[in-house]
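Required output: the full structure, derived from the provided sequences and hints.
Those sequence lines, one after another, are chains D and C.
Per my numbering, the very first residue in the first sequence carries number 150; after that it's consecutive.
Per my numbering, the very first residue in the second sequence carries number 8; after that it's consecutive.
Just so you know, the hints here were simulated from the structure itself, not pulled from any lab data.
It cannot be assumed that every hint is accurate.
When the alpha-carbon atoms are kept at most 27 Å apart in a straight line, the in silico DSSO-like pairs for lysine-lysine are as follows [what the hints assert, rightly or not]:
| no. | chain 1 | residue 1 | chain 2 | residue 2 |
| --- | --- | --- | --- | --- |
| 1 | C | K111 | D | K405 |
| 2 | D | K541 | C | K111 |
| 3 | D | K423 | C | K111 |
| 4 | C | K111 | D | K209 |
| 5 | C | K158 | D | K223 |
| 6 | D | K374 | C | K111 |
| 7 | D | K344 | D | K414 |
| 8 | D | K519 | C | K151 |
As a plain string of letters, each chain reads:
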Amino acid sequence: MTRFEDQRTTVYKVDPEHPEDATLPTLRTEELLLNMGPQHPSTHGVLKVILELEGERLVKSTPVMGFLHRGVEKLAEEGTYHQFIPHTDRLDYVCAMYNNFAYCRAVEKLMNITVPDRAEYLRTIVAEIQRIIGHQFWLGTQALDIGAMTVFFYCFRDREILLDWFDELCGARLTTSWYRIGGVERDFTPSLFAKLKQFLDYFPPKIDEYVIFLEKNRIWLARTKGVAVISAEDALSFGLSGPTLRGSGVDYDLRKYEPYSAYPKCEFSVPVGKNGDTYDRYWIRVQELYESVKIIRQCLEQIQDGPIMADVPSVTLPPKERVFTNLESMIQQFKLFSQGFNAPPGEIYCGTEAHKGELGFYIVSTGGGKPYRLKIRAPSFIHMGAFDHMSKGYMIADAVTIFGTYDIVMGECDR
Amino acid sequence: MNQLAQRIEETFPGASTKVTEWRGDLAVTVKREALHDIGKFLRDDPAMRFDYIVHVSSVDWPDDEERFEVVYEVYSIRTRQRIRLKTRVPESDCIVDSLTDIWKGADFMEREVYDMMGIRFRNHPDLRRILMPDEYEEGYPLRKDFPLRGKGWRDTFEFLDEPAR
Numbered sequence: 150m151t152r153f154e155d156q157r158t159t160v161y162k163v164d165p166e167h168p169e170d171a172t173l174p175t176l177r178t179e180e181l182l183l184n185m186g187p188q189h190p191s192t193h194g195v196l197k198v199i200l201e202l203e204g205e206r207l208v209k210s211t212p213v214m215g216f217l218h219r220g221v222e223k224l225a226e227e228g229t230y231h232q233f234i235p236h237t238d239r240l241d242y243v244c245a246m247y248n249n250f251a252y253c254r255a256v257e258k259l260m261n262i263t264v265p266d267r268a269e270y271l272r273t274i275v276a277e278i279q280r281i282i283g284h285q286f287w288l289g290t291q292a293l294d295i296g297a298m299t300v301f302f303y304c305f306r307d308r309e310i311l312l313d314w315f316d317e318l319c320g321a322r323l324t325t326s327w328y329r330i331g332g333v334e335r336d337f338t339p340s341l342f343a344k345l346k347q348f349l350d351y352f353p354p355k356i357d358e359y360v361i362f363l364e365k366n367r368i369w370l371a372r373t374k375g376v377a378v379i380s381a382e383d384a385l386s387f388g389l390s391g392p393t394l395r396g397s398g399v400d401y402d403l404r405k406y407e408p409y410s411a412y413p414k415c416e417f418s419v420p421v422g423k424n425g426d427t428y429d430r431y432w433i434r435v436q437e438l439y440e441s442v443k444i445i446r447q448c449l450e451q452i453q454d455g456p457i458m459a460d461v462p463s464v465t466l467p468p469k470e471r472v473f474t475n476l477e478s479m480i481q482q483f484k485l486f487s488q489g490f491n492a493p494p495g496e497i498y499c500g501t502e503a504h505k506g507e508l509g510f511y512i513v514s515t516g517g518g519k520p521y522r523l524k525i526r527a528p529s530f531i532h533m534g535a536f537d538h539m540s541k542g543y544m545i546a547d548a549v550t551i552f553g554t555y556d557i558v559m560g561e562c563d564r
Numbered sequence: 008m009n010q011l012a013q014r015i016e017e018t019f020p021g022a023s024t025k026v027t028e029w030r031g032d033l034a035v036t037v038k039r040e041a042l043h044d045i046g047k048f049l050r051d052d053p054a055m056r057f058d059y060i061v062h063v064s065s066v067d068w069p070d071d072e073e074r075f076e077v078v079y080e081v082y083s084i085r086t087r088q089r090i091r092l093k094t095r096v097p098e099s100d101c102i103v104d105s106l107t108d109i110w111k112g113a114d115f116m117e118r119e120v121y122d123m124m125g126i127r128f129r130n131h132p133d134l135r136r137i138l139m140p141d142e143y144e145e146g147y148p149l150r151k152d153f154p155l156r157g158k159g160w161r162d163t164f165e166f167l168d169e170p171a172r
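And the structure:
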């Protein structure tokens, strides 16, 4: 970080021995306080940051959050474990599938349930599609914020294909609620498999297309290279995760560190940056798009027929068609939704590598059907903690870049 | 007993009051006075290096003598281990030493705990509410005695009669 002196500014100095020579009135300088947000288009939601400026340089920035606070953690204490799944959609509303996944995994860890193989593959495929959607959304909006508009249209064009695919899978584009505790809600149809395969052939050349727009774009390079640099040590100390941490050269990825679902059966690499700047984080996300395609391909090859829901009648839901025809299944469904299942007393933390970073759920249970305490470790919230540190000394326009580089979503940040 | 918990017990005799290992998660409850030192030890000890802070959380147990529980979860990138550090505080004196100087990320996370549960942190650089408005004075939302469905004010409003159709 260097503070540049503006060459064009003339500095008037008064000779202390001849103060009468001073013909100019004394200039007064002070730091300027600027409110950015809550209605700023690049804050990705409703976020306000109070910027203390010295000229156009940021001296201190204080994020003011909570405009979207809905008390999700409090609501969780009042409902059963199943009833909380739709609430998780609304955390990071851009990538609902991954929130469902992280939550279901946490409850499965609490209940000690093993998910059948086919369900694990389906979960991994959908999670990676969600990662692609998340990164496309990020790339489009980040480029738009910085001033490259075309990428936005290209990213959203391809994102639309996947959202339609989600629509066909579960009837919703954004708030999906497709994951269930112990498995998934429904299997893929042959048409979904076919569309997915078609997309995998279509997509990799499109990633190259996005890159072409940005790789030689001087504005993009000038505004991302060397902006918002954070060292690996600081990034860890701040608890940053996901691409934001990997940009600084730490290969912390829960898919590799604590393998879950079908990830250990797939071969993929974790891209790691060097400089810890915005450009490296962009590069990592683009590389992750290629890796996601690779993972989905392998999953499609390896997937076998089998059940899509764990068979633990006291916890998992019966298949929908049996609920309407079979008395026991109907009673099971009714009991699970009205009373919930009996969780053992204890506490667990389970982190999942969402595309923004480590999305974790800390659940305390005292027995009974409702969580006693449920804490959401939201990457967006924790990344905002480093905002002041990362923005110090940069220009006011870089504040926008820094929001973007976290891939911040306020629904998750404020919960 | 877990190796890590044993090491803490050896270095700080009598500081840890309870060690549990459940579903692969190690949780150590320590005395409030020792929390800061143990945190520093966990981060700086060359064999462990718990350098990554995962989350700071809090739990309310209204029936217990020491009502609140503060939970720190940290991870070691080098040894790929995680540990949950817990401490208990009574309601009459709910203040804990801040670990902001050990893990910088604790700043926002502790502010959230203060905002939601009303536990204060000694030596915290900027202990203000973070998600609730600054001037909010109706208590701490995640405490168990804070009602989910409001405090009944809604029922005190006078309703106008329905206009005749």
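Out of the numbered hints, which ones does the structure contradict?
The structure conflicts with no hint, since it agrees with every one listed earlier.
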